[in-house]
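**Student:** Listed here are the chains, written in short residue letters.
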Amino acid sequence: MEYEEQKQLIVDTLKKKEKTKSKWYFSDLAKILDLKPREAKKIVTKMVEEEVLVFWSSGSTSMYGLKGAGKQSAAEHEEG
Amino acid sequence: MAKNKTPLLDQLESGPWPSFVSDMKQQAEARAKNENNVEYQIPVDVVDDLLGVLELSYVDGETHWKHGGIVGVFGYGGGVIGRYCDQPEMFPGVAHFHTMRVAQPGGKFYKTDYLRQLCDLWDFRGSGLTNMHGSTGDIILLGTTTPQLEEIFFELTHKMDQDLGGSGSNLRTPADCIGQARCEWACYDTQDLCYQLTIDYQDELHRPAFPYKFKFKFDGCPNCCVASIARADMAFVGTWKDDIRIDQDAVKAYVEGDVKPNGNAHAGRDWGPFDIAKEVLDLCPTECMRYENGKLEINNRECVRCMHCINVMPRALRPGVHGGLSILVGAKAPILDGAQMGSLLIPFVEVNKESGYEEIKNVIEPIWDWWMEEGKNRERLGELMKRKGFQALLEAVGVDAMPQHVSEPRHNPYIFWKEEEVPGGFEMDINAFRKRHLR
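Top line first, the protein sequences correspond to chains U and L.
In this text, residue positions in the first sequence follow my numbering: the first is 1, and each later residue adds one.
In this text, residue positions in the second sequence follow my numbering: the first is 1, and each later residue adds one.
No lab work stands behind these hints: they were computed from the structure.
Owing to the predicted nature of the structure, the values given are computational and were not obtained by experimental measurement.
Just to be clear, a hint being listed does not mean it is correct.
[Unchecked claim] In silico DSS-like cross-links for lysine-lysine, where the CA-CA straight-line distance does not exceed 27 angstroms:
{"no.": "1", "chain 1": "L", "residue 1": "Lys376", "chain 2": "U", "residue 2": "Lys21"}
{"no.": "2", "chain 1": "U", "residue 1": "Lys15", "chain 2": "L", "residue 2": "Lys376"}
{"no.": "3", "chain 1": "L", "residue 1": "Lys388", "chain 2": "U", "residue 2": "Lys67"}
{"no.": "4", "chain 1": "L", "residue 1": "Lys388", "chain 2": "U", "residue 2": "Lys36"}
{"no.": "5", "chain 1": "L", "residue 1": "Lys376", "chain 2": "U", "residue 2": "Lys46"}
{"no.": "6", "chain 1": "L", "residue 1": "Lys386", "chain 2": "U", "residue 2": "Lys19"}
{"no.": "7", "chain 1": "U", "residue 1": "Lys21", "chain 2": "U", "residue 2": "Lys67"}
{"no.": "8", "chain 1": "L", "residue 1": "Lys386", "chain 2": "U", "residue 2": "Lys16"}
{"no.": "9", "chain 1": "U", "residue 1": "Lys46", "chain 2": "L", "residue 2": "Lys295"}
{"no.": "10", "chain 1": "L", "residue 1": "Lys361", "chain 2": "U", "residue 2": "Lys23"}
{"no.": "11", "chain 1": "L", "residue 1": "Lys388", "chain 2": "U", "residue 2": "Lys21"}
{"no.": "12", "chain 1": "L", "residue 1": "Lys376", "chain 2": "U", "residue 2": "Lys67"}
{"no.": "13", "chain 1": "L", "residue 1": "Lys66", "chain 2": "U", "residue 2": "Lys15"}
{"no.": "14", "chain 1": "U", "residue 1": "Lys19", "chain 2": "L", "residue 2": "Lys376"}
{"no.": "15", "chain 1": "U", "residue 1": "Lys36", "chain 2": "L", "residue 2": "Lys386"}
[To be verified] Counterexamples of contact, computed for chain L against chain U with all Cβ distances above 12 angstroms:
{"no.": "16", "residue": "Ala2"}
{"no.": "17", "residue": "Gly137"}
{"no.": "18", "residue": "Ser167"}
{"no.": "19", "residue": "Arg182"}
{"no.": "20", "residue": "Val363"}
{"no.": "21", "residue": "Glu373"}
{"no.": "22", "residue": "Glu421"}
Ideal placement from N, C-alpha and C gives every residue a C-beta, glycine not left out.
Go ahead and model the full structure; you've got the sequences and the hints to work with.
**Tutor:** The following block contains the structure:
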């Protein structure tokens, strides 16, 4: 699968569940892509660089979300 | 006059120990006075409001911090931890109160001008409150607002040659002891290995893709001054392959009282004359030492590197010259299943700068691959090892089981063999069997 298709796959999957789930573990994304972690990381990192995905961190655990998705952005007076 | 009344926090100052409350009040006052005319980039009363929100938490018996957040510097998934107060109108100074982690210098060697620069930056763009050092070992800058993050990151990287540390599901800021810079016991160059792996594993440090946190720690000798064996998912503990070096004249000097034991660390009280049998030989866990006719002998094959004899008689005994390190894996603090110490995986590996530490990386990377594929979300390596068994770890790393992996004889008599481990496999010639065993 080409990068653009992989990106679309993640965006579509995350959007479909946006109302109930805004934060995803890295392993969830690897599962969506059906790739080994190292390969999936390259795609996910690129999507963060393109600002399609954002990191979320509790301090101890990191997760990923679509930029602007979820309550967090609004609640924290963040843009986007 | 304090902005918020804090009767419960004030009580904490009444104990016999130094109090963080006093430190915070001092900082709140210093910011209000602003004797150095700093153009504060975040609210002047940030520390007052921090005291206020903490007092409120004590009154309510619950936290007023939200859980995590989406902050960071561009491209980094770690190093910044979003902290937001859930009472921003009551305490606007801490509406945003993000933490930044800064990679500490190797062995925590600072120059005062470095510290001054760091503190000036933090007074200017943050609360001025620091935590030196966090349990991971890094420099923790407490409390700033979102717009300041990139500015601070620029200053750190461009003017101080300094990077952010790790947080979240990342490789955390690797930590080391002072090593060969000042310590004669260091069996390898901890600072070089720590630095090199930090540089080589930048992707793991800054872009989270692990199931949970992962810590490297480097101890130059088995004294384990950074407690890697108890705290690091992967501990690199210096050791030696040959014999403990003995200076017999110096041993005699200890016995005759000419040199004080333990580097004279117990000088505060008269403990009587030094007794080598009571203070060294009888305390050797494997009883592998003897002192006869003025000569100390060590059965080095039995030595378990407890370091006791070397610590007591540092002038007489030194680690061997053939240094390297042992790798232990799976230590963690007690969130799930209680605290866990590291398990020995590699008893000895050469520390080879010239090869770019290839031999060590050949252990690290398969472990990461295994943990990334098999680990559940928020499962530490030590927990995965427990769930899957040490054997699964050995297979993942490609290391054969060896006596050093065994801490005690088996109390479980069952051994599960795989077909490839059994000579001839599981297939057998039934006719040959029946010749020996009648139906």
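**Student:** Evaluate each hint against the coordinates.
**Tutor:** Here's how the hints hold up against the structure:
1. Lys376/L - Lys21/U: Within the cut-off at roughly 19 angstroms; holds.
2. Lys15/U - Lys376/L: 24 angstroms, holds
3. Lys388/L - Lys67/U: This hinted pair is violated, its Cα atoms lying about 36 angstroms apart.
4. Lys388/L - Lys36/U: Given that 27 angstroms is the threshold and the Cα spacing comes to 20 angstroms, the pair holds.
5. Lys376/L - Lys46/U: 24 angstroms, holds
6. Lys386/L - Lys19/U: Violated - the C-alpha atoms of lysine 19/U and lysine 386/L are around 37 angstroms apart, more than 27 angstroms.
7. Lys21/U - Lys67/U: 13 angstroms, holds
8. Lys386/L - Lys16/U: 37 angstroms, violated
9. Lys46/U - Lys295/L: The hint is violated at about 66 angstroms.
10. Lys361/L - Lys23/U: The given pair, whose Cα atoms are some 32 angstroms apart, is violated under the 27 angstroms limit.
11. Lys388/L - Lys21/U: With Cα atoms ~30 angstroms apart, lysine 388/L and lysine 21/U exceed 27 angstroms; violated.
12. Lys376/L - Lys67/U: Measuring from Cα to Cα gives roughly 25 angstroms; hence the hint holds.
13. Lys66/L - Lys15/U: 25 angstroms, holds
14. Lys19/U - Lys376/L: Between lysine 19/U and lysine 376/L the Cα gap is close to 25 angstroms, so the pair holds against 27 angstroms.
15. Lys36/U - Lys386/L: 23 angstroms, holds
16. Ala2: 28 angstroms, holds
17. Gly137: Given a closest Cβ separation of 16 angstroms, the condition holds.
18. Ser167: 6 angstroms, violated
19. Arg182: At about 33 angstroms from chain U, arginine 182/L clears the 12 angstroms cut-off, so the statement holds.
20. Val363: 17 angstroms, holds
21. Glu373: 6 angstroms, violated
22. Glu421: 27 angstroms, holds
In this structure, the earlier hints numbered 3, 6, 8, 9, 10, 11, 18 and 21 are contradicted, and the remaining ones agree with it.
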